[in-house]
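Asker: This is what each chain is made of:
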Amino acid sequence: MALNDSGGKEKTMKSITESPGLFEYDGGKEMLLRAKHDAELVQCILELATAKGIEAASFTAIGALKRARLGYYDQKNHKYKEIAIESPHEMVSCTGNVSLSDGKPFVHAHVVLADERGNTRAGHLMEGTVFAAEVHLRRLEGPRLQRKLDGVTGLWLWEI
Amino acid sequence: MALNDSGGKEKTMKSITESPGLFEYDGGKEMLLRAKHDAELVQCILELATAKGIEAASFTAIGALKRARLGYYDQKNHKYKEIAIESPHEMVSCTGNVSLSDGKPFVHAHVVLADERGNTRAGHLMEGTVFAAEVHLRRLEGPRLQRKLDGVTGLWLWEI
Amino acid sequence: MALNDSGGKEKTMKSITESPGLFEYDGGKEMLLRAKHDAELVQCILELATAKGIEAASFTAIGALKRARLGYYDQKNHKYKEIAIESPHEMVSCTGNVSLSDGKPFVHAHVVLADERGNTRAGHLMEGTVFAAEVHLRRLEGPRLQRKLDGVTGLWLWEI
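Protein chains in written order, with the numbering used here: chain A, 143 to 302; chain B, 143 to 302; chain C, 143 to 302.
Just chain A, same shape as in the assembly (with noise of 0.2 Å):
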């Protein structure tokens, strides 16, 4: 769970907060964003979370990657299998949370892939280079939702 890497942060929320592929309703409580072809997907949603100050969110996402890196977890052996996806596939859902991870924001998004036959492959969404991506993100205000180790699954869970 360090996929989503903070450097360069300064820059990103430069970036975002002037981003014309960000669209906002309901007082700024729901976002839609037309993800920057070639950018990666976990990351842009990251950079959105952190330029906005979003601690908890939830949202969907459709659209076409070019490349994907998927992860299987290994509920035995406490650890991702990496799956690599090299061709074009349509997004055909992605489905993730933001919360927060030693306090920042953290991507958690899972994801089904179709190729030109309607075949899919899916999993955990590690890292996704956007053909074409809309988002549909909504915050969440209320209490601070932290990422803790757990030690019966070897994830980052949401601290209870």
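Do not rely on the hints blindly, as some may be mistaken.
Same chains, same names: a pair is fine if it fits in one copy or spans any two.
Stated by the list, open to error - Okay, derived cross-link-like pairs now, DSSO-like style, lysine-lysine, Cα gap no bigger than 27 Å in a straight line:
(1) 246 x 178
(2) 246 x 171
(3) 194 x 171
(4) 208 x 223
(5) 290 x 218
Because the hints were derived from the structure by calculation, they are not lab data. Fair warning: this is a prediction, and the values are worked out from it, not measured in the lab.
Got chain A; can you put chains B and C on it based on the hints?
Answerer: Same frame as chain A, but now just chains B and C:
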């Protein structure tokens, strides 16, 4: 993206406002729709948007389709390939949005279908014939979101 | 659709209101739930709805399941076929809603699962054993939404 023909809109607007299958929540911001048996799903959502004057929205749906026509966008040659699904499938995921194209509501939806063994087919939803479908649409109030031809991808993306 | 047995509701209601895994946002309209390890996911969401008096809602979830039981509805013969998933899978998409059946909250959810190669299985979620799961539920305030047996499909659909 001329899939949503608006011909016969007057008739449509009448039918949807009279529809007993539409349930409105939170002052009309949230809607649940029981799509009609044998209706075409994309058209259903378009009719709802048109009848209610919705210019921006995000939606999800689940249910089952009798048949469907999916699309895969060829990122190199800039055209859709069609995938015909001729048998009944569960609609295990449908995610999409409403924005404007040529000033009129336009529906963009992606779908994942599953057969009797749980195997999946997925893509851009061109057409789907409803066996049963439950749609949750959230209306977004804010800037007009217009689709415009994007030279890089060949797709009608949100104008920036 | 009698899958969500409400036996032991008192115990359940107590446990959910005491649950440290529930986080409420926007005045209680939006909820994030960290489902308990080894819990059954449909039951988890049902318990939340019951404890909070939720009669209509829409939700999504991501995470991982240890095992699951999926359903495919045979549109011709009007009965569910069950698909047993006996191995750990990522829960790459879960979309559903809460409405009323026999006056009590009822959960309807569809799910897409992925294995270690990124291959998918999907269907109506009858039961899923949680490895880890993050649920976002949006409560809807408005008309009562009752399920009733529909003669055309043989399904319990929203009453119109």
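Asker: For every hint, state whether the structure bears it out.
Answerer: Taking the hints in turn, this is what the structure says about them:
1. 246 x 178: both (23 Å within a copy, 25 Å between copies)
2. 246 x 171: Classified as both: same-chain Cα gap 19 Å, cross-chain 24 Å, threshold 27 Å.
3. 194 x 171: both (11 Å within a copy, 22 Å between copies)
4. 208 x 223: Both, since 21 Å and 16 Å are each at most 27 Å.
5. 290 x 218: within (19 Å within a copy, 43 Å between copies)
Figure legend: structure checked against the earlier numbered hints; every hint is met.
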